[in-house]
Structure formats: C-alpha cells, structure tokens
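Peer 1: Listed below, chain by chain, are the residues.
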Amino acid sequence: MPRFTILAPTAILGYGFPAASFQQGLSHEPDLIAVDAGSADPGPYYLGSGRSFTDAAAVRRDLAVLLQAAIERDIPLVIGSAGGAGAAMHLQWTLAIIRQLAKELQLSFRLGSIHADIEKEQILNAIQEDRITALQGAPALTKDTVTKTTKVVAQMGVEPIQEALQANCQVIVAGRAYDPALFAALPMMLGFDPGLALHLGKILECAAIAAAPGSGADCALGILEQDRFVLRPLNSERSFTATSVAAHTLYEKAHPTLLPGPGGYLDLSKVQFEELGQGSVAVTGSKFVPESRYSVKLEGARQIGHRSICIAGIRDPIMIASLDSILNEVRSAVGKLCANEIQQGSLHFHIYGKDAVMGSREPRKDQPAHELGVLIDAVAPEPSAAATLCSVTRSTLLHYGYNGRVATAGNLAFPFSPSDLAAGEVFEFSIYHLMATKDPLSLFPLVIEDIANDNA
Amino acid sequence: MTMLRDIAVVLRSKNTSPFTYALDIMFKMERDYLQFKQRKLIDAQLIARLYALEPEQILDIIYFDPAMAIKICLPRSTPSGSPGDRDVYGAQQHAPLLDWQFP
Chain A
-6 MPRFTILAPT
4 AILGYGFPAA
14 SFQQGLSHEP
24 DLIAVDAGSA
34 DPGPYYLGSG
44 RSFTDAAAVR
54 RDLAVLLQAA
64 IERDIPLVIG
74 SAGGAGAAMH
84 LQWTLAIIRQ
94 LAKELQLSFR
104 LGSIHADIEK
114 EQILNAIQED
124 RITALQGAPA
134 LTKDTVTKTT
144 KVVAQMGVEP
154 IQEALQANCQ
164 VIVAGRAYDP
174 ALFAALPMML
184 GFDPGLALHL
194 GKILECAAIA
204 AAPGSGADCA
214 LGILEQDRFV
224 LRPLNSERSF
234 TATSVAAHTL
244 YEKAHPTLLP
254 GPGGYLDLSK
264 VQFEELGQGS
274 VAVTGSKFVP
284 ESRYSVKLEG
294 ARQIGHRSIC
304 IAGIRDPIMI
314 ASLDSILNEV
324 RSAVGKLCAN
334 EIQQGSLHFH
344 IYGKDAVMGS
354 REPRKDQPAH
364 ELGVLIDAVA
374 PEPSAAATLC
384 SVTRSTLLHY
394 GYNGRVATAG
404 NLAFPFSPSD
414 LAAGEVFEFS
424 IYHLMATKDP
434 LSLFPLVIED
444 IANDNA
Chain B
6 MTMLRDIAVV
16 LRSKNTSPFT
26 YALDIMFKME
36 RDYLQFKQRK
46 LIDAQLIARL
56 YALEPEQILD
66 IIYFDPAMAI
76 KICLPRSTPS
86 GSPGDRDVYG
96 AQQHAPLLDW
106 QFP
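These protein sequence lines map, in sequence, to chains A and B. Straight run, no breaks: the first sequence in our numbering ends on number 449. Straight run, no breaks: the second sequence in our numbering ends on number 108.
Chain A on its own, in the form it takes in the complex (with noise of 0.2 Å):
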C-alpha cells in the first residue's frame, strides 16, 4: 500500500523543537520535511515593513539541523511564507540565511526559490477586468487602495511548489503560501488524495499544535495512505486525539466544513476522527472541491503613519470612578492643542484593568479594577508628529485638574523615564482579497539556484 510520510518539525520555522523529537521523526525515513515560515497573525507591520516576526538567529538554529537532515537523507524541504510574510525581503531574508549556512555546513543542493510579490499593475488589471473580489469584512477594493498600498503578495497554491519539484529543487523556499500546499504539493503530485494531503497539510503547518498538550516549538508526523492519514506525535509528553485534531481542524477558520483555498475548498463534512492508540489519530472523509475559477488570497499592507506611546499607571480611586469623562475632557482638550496632529492621525486610549481588550464590547466595563493601566496610542503621519501628540496628551492627563481631584500632584505613575517610547512605522491591512487568474504558475515565478560546496 503506498504511503507518504511528512516530518513537521515546528509550528514556524524559528519557533525551534527538541533534537530527540527530530530524531524521532526521522527514524520514520519521511519523504518530505516541511515548514510554514510565516503568518498573517501578527498583523500588517511584518508585511509592510520587510522585516521578520521571527528571531534570525532562532531562524538559522532550526534551519541547520533541517538542511543537513534533508540533504544527508535526499528528500526535499519545503518552507513556505518565508520570512514571516512571503513578500520579496523576506524571501531574501531567509535566502541569505540558507546561503550562508550552506556553506559553514560544507552543504550542496538545488535551491528554488517561489516569489509571491503581486505588482500593482496585475491588480489594476484585475480591478478592470472584474475579477476581484472581497472576503467577507474586507471592503471593495478601489484602484486608489491599490495605488497607495506599500506591498502586496498572493497565497500560492500546490502549482509552483510542484514546478520547483519537478526542475529537482530540493530545498524550496516559497514566499507567501497557502500553508496546506507546503505538505500537500509533493504527494499530490504522487497521485494521493488531494483532499486528505491537504487536510493533514492544514493539520501539520502548526505540527505539535494540534496535539495535546499542544505545543508550538515540537514535531509531529503525518502519514498519508490511500483512503486516510495518520497523525503521530514524537514525543511521549504529547498525544493526538480525536479532540485536539478536530479542534484544530477548526482553528482560526471562518466555517468549520468548507475551508477555501486555492483553487479550490475543502469539504470537511463527512470527516471523521478514529484514535488508534499510542497518541495517533486517523482521519478520514476529507475532499478537495476543485473551483471553475482558480482564484489566490492577495494580503496588501499600506503605512499610515508613525507611532508612539506611554504608558502609566493610575491608582487613586476617585480619578478611577470618573475616567471616562476626564479621558474625554483631556481628548478635546488635545484636540485643541494639537489639532493638526489628531486631525492627521489618532489617539487612543487603552485602559488596563477596564476594557483595554474588548473595547464596546467588554461586558463589565463598569467594573473597573483598584488600578488601571493606561496606555496612550498616538498616530500620526510624521515620527515628529506621533511623539508631539504623545507627550502632549500625556503631560495634559497627568496635570489633568477633573472634577473632585483631591490629588493635585499628579493624575498618573510612570514605571520608567523617559515615559514615552517611539514605537516605529504603523500599517495597516489594505488589501484582504481573492483574485481570479488563467494561470496559478506565472504569478509565482520560479528561481533555480545551484549551490556548491564540495570540500573535495
């Protein structure tokens, strides 16, 4: 019976994992070791900016014991969403970091790498041409967004993977990915399921996850058969279960049977969950639903702005009773002193130990704590701007004279000076978007890179 075995090493490359669990793992001779670099989670910065939520030294850590595993067995590593974001630096990023390893390492291979980058013009094209179209919360794209978007990349599907495959790339590094296609492309190509392949590609990007207790610096195993997979975890701490693979079959998804994706969705209706014994879980029942139209996810960051911020303390109980309209009277008071900056930018307010994390939405905002944390949140176009808005809200709500203020020295503790902070670029998402195109290949172009270091 045919089987195909995939090594997940971590959840995301730079996250690290325990050598004995590797070990383990490799004890299984898997067909493929692969690794999602990358993620949307942390937000718009990453993108915009070029840089990595990722750790570089972390980074090369993992990497050192994943090309010389590769390499010494000869089966191929796949990472994908490089860098974080998948955008061209971070693509570079990550290049740079194989490049140099590969040669401390005395280490030879071929090297694909998979741009994800989408230029403007293809989406203005898109744009003219109807065939873009919104997720659900994003609003309708304008070719103005466009315009003015920092950067802007595509979720590549199992297509360019498969191409670097076949050109004999045994370490692939692809920009921004449909995580799934990173485990699924190469057993696909063999001719298994590609609806159980993605399904346990979906499990295996968060590896040790999906296991409990769930971890996100651990491997994990998943064997691909005919009419199902298997999951197995490599550590004694861990087990899979029917539970943690169907809890995590459903995370950060929209709807827990119809998972979109390139090219096509899958429908998880008539999954089921057999546990096996020893921490394994097979599954079965997964199906892929190939789509008329083949249509990739764009994710586009545009910079705002500047930020910074301070944060303090407040303590005294009769300030704590009338903290909303002294945050208030202190904001049009602002206003007036820096009109140009608020006009131009933001200013919020983050109140710790109130309703700092739900906002409108917290149920017992009325039920404020003994001490609340403030932290003061100033956009604005310009880093001299953002740090005139910050300190001028800061000074005028410590000096603040609110009605009933029986403490006349001050409205706020500080834990440190100085009490405000730049805290760099700010961006947001801009574009959040599916666009249909003919062709799943051509906007992911292909770069073959043969790297020799024979010591001979």
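Everything labelled a hint here was simulated from the structure, so no lab data went into it. Hints are not guaranteed to be accurate.
With a straight-line Cα cutoff of 27 Å, these simulated BS3-like cross-link-like pairs (lysine-lysine) come out [as the list claims (entries may be wrong)]:
| id | chain 1 | residue 1 | chain 2 | residue 2 |
| --- | --- | --- | --- | --- |
| 1 | B | K42 | A | K263 |
| 2 | B | K19 | A | K263 |
| 3 | A | K431 | A | K113 |
| 4 | B | K45 | B | K19 |
| 5 | A | K431 | A | K280 |
| 6 | A | K280 | B | K19 |
| 7 | B | K42 | A | K280 |
| 8 | B | K19 | A | K358 |
| 9 | B | K33 | B | K19 |
| 10 | B | K42 | B | K19 |
| 11 | A | K136 | A | K431 |
| 12 | B | K33 | A | K263 |
| 13 | A | K141 | A | K113 |
| 14 | B | K45 | A | K263 |
Assemble the complex: chain A is given as a structure, and chain B must be docked to it using the hints.
Peer 2: Relative to the frame of chain A, chain B by itself:
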C-alpha cells in the same frame, strides 16, 4: 446554573481574517453538545447580548457534529493591527462566553 466553562473542553477566539474572528466552543460530553444543538442555545440574540452587538452583526453560527463544536463568526470592531485595534491575534475575545450561565 452551570457556566459554559464547566462543560466546554475548548473555548477560544481567534482571527479568521484581518476583519473577522471566530469563537469556537467544543464540548466534553456528547449529550451536552446535542442538547445545545437541539435547543439552539447559542443563537444570534445571545451572542449579540454578550458582545453588545446587534443580532444582524453576527456573521455565522455553525454546529459541527464531527468535532461536537459550535463556531461563531463575528466582525472585528477594528481591522487587525490598525490604529485603535485591541487584540491583533483576536485571541482574547472569548471571556464573555466562559462565564455565561446557560438555562
């Protein structure tokens, strides 16, 4: 009166996109899940009341038998990471459900 946290094995929130998040409830016991499903104990009115929203704002409530789970989809008040956002990952929006005392 029992709180939802007493019969749930998973109760969490997480972004499903930069503009939406989902609340997932998974049950310890099949009979609790079936009772919830049969009586439709989780509906748009309840979620709207717990989250200070209008029932029309609730995007979806889906019962999923294979996982004995209920998924509730909500719009974010601010897109993930935009100025004024409070929870970039949307991972701490579940608390009102934990303490909900169901009839």
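Peer 1: Evaluate each hint against the coordinates.
Peer 2: Results of checking the hints against the structure:
no. : hint            : verdict
1   : K42/B x K263/A  : 18 Å, holds
2   : K19/B x K263/A  : 24 Å, holds
3   : K431/A x K113/A : 18 Å, holds
4   : K45/B x K19/B   : 23 Å, holds
5   : K431/A x K280/A : 23 Å, holds
6   : K280/A x K19/B  : 25 Å, holds
7   : K42/B x K280/A  : 25 Å, holds
8   : K19/B x K358/A  : 22 Å, holds
9   : K33/B x K19/B   : 20 Å, holds
10  : K42/B x K19/B   : 22 Å, holds
11  : K136/A x K431/A : 21 Å, holds
12  : K33/B x K263/A  : 21 Å, holds
13  : K141/A x K113/A : 10 Å, holds
14  : K45/B x K263/A  : 22 Å, holds
In summary, the structure agrees with every hint in the numbered list given earlier.
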